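Student: The listed protein sequences derive, respectively, from chains A and B. Under my numbering, the residues of the first sequence are numbered 1 to 114, in order. Under my numbering, the residues of the second sequence are numbered 1 to 113, in order.
Since the hints were made in silico from the structure, they are not lab data. Note that the coordinates shown come from a computational prediction; the quantities given were computed from them, not determined experimentally. Be aware that a few hints might be false.
Using 35 Å as the maximum straight-line C-alpha spacing, the simulated DSBU-like pairs for lysine-lysine come out as follows [stated by the list, open to error]: (1) 13/A with 52/A; (2) 57/A with 69/B; (3) 56/B with 57/A; (4) 52/A with 15/A; (5) 26/B with 57/A; (6) 56/B with 26/B; (7) 57/A with 70/B; (8) 56/B with 70/B.
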Amino acid sequence: AAGVIQSPRHLIKEKRETATLKCYPIPRHDTVYWYQQGPGQDPQFLISFYEKMQSDKGSIPDRFSAQQFSDYHSELNMSSLELGDSALYFCASSLGLRVSDGYTFGSGTRLTVV
Amino acid sequence: SQQGEEDPQALSIQEGENATMNCSYKTSINNLQWYRQNSGRGLVHLILIRSNEREKHSGRLRVTLDTSKKSSSLLITASRAADTASYFCATDATGSTLGRLYFGRGTQLTVWP
Numbered sequence: 001a002a003g004v005i006q007s008p009r010h011l012i013k014e015k016r017e018t019a020t021l022k023c024y025p026i027p028r029h030d031t032v033y034w035y036q037q038g039p040g041q042d043p044q045f046l047i048s049f050y051e052k053m054q055s056d057k058g059s060i061p062d063r064f065s066a067q068q069f070s071d072y073h074s075e076l077n078m079s080s081l082e083l084g085d086s087a088l089y090f091c092a093s094s095l096g097l098r099v100s101d102g103y104t105f106g107s108g109t110r111l112t113v114v
Numbered sequence: 001s002q003q004g005e006e007d008p009q010a011l012s013i014q015e016g017e018n019a020t021m022n023c024s025y026k027t028s029i030n031n032l033q034w035y036r037q038n039s040g041r042g043l044v045h046l047i048l049i050r051s052n053e054r055e056k057h058s059g060r061l062r063v064t065l066d067t068s069k070k071s072s073s074l075l076i077t078a079s080r081a082a083d084t085a086s087y088f089c090a091t092d093a094t095g096s097t098l099g100r101l102y103f104g105r106g107t108q109l110t111v112w113p
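With the hints as extra help, turn the sequences into a complete structure.
Tutor: Right, dumping it as structure tokens:
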């Protein structure tokens, strides 16, 4: 079965650079959630999209922006990168805003800012 | 934070033993979910228990939920070396219709052969 695909798997950027992370949801899923997991930390919700509109917003820095496109894939754009942005970034997808059986997460993008 | 703590933070056991991890949370919930994460990898959904359920089983997994104490436990029976991973609980809070999950800090389980 198709899963949530994230790209790239690994990304190394320098401070003050820009990074773009991509998330391709499971086919027919219309909702995407982004989470950030710092080293040794629990995942923290960043932002979500439902039917191409932002549906919820968490602790996402103003330097970050995201959108969901007509094919339902989503991109997280991160500008003016800081060392503290180094983390594992996950996305999850669902059909609709609630699920009855848990979420499917992608394998994540590991961002390292040097 | 809407999420409490998980304990223990780390658990080390021998193969064949049972592993119990606990999770506490702060707000009312619609459901509580447990996820597994191998080192540096993605989160894998294990089991979901709804707020009106008290216990749920899936294979070697047993989850309990006590909404009066705002706590849950995950029991892995007859553990195997392949169960070595971090385990997170995550809550879907009441009043939220948007699907956001609040994760706990996780328990690092090590199962020795």
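Student: Which of the listed hints are not met by the structure?
Tutor: Violated hints: none at all, because every hint is consistent with the structure.
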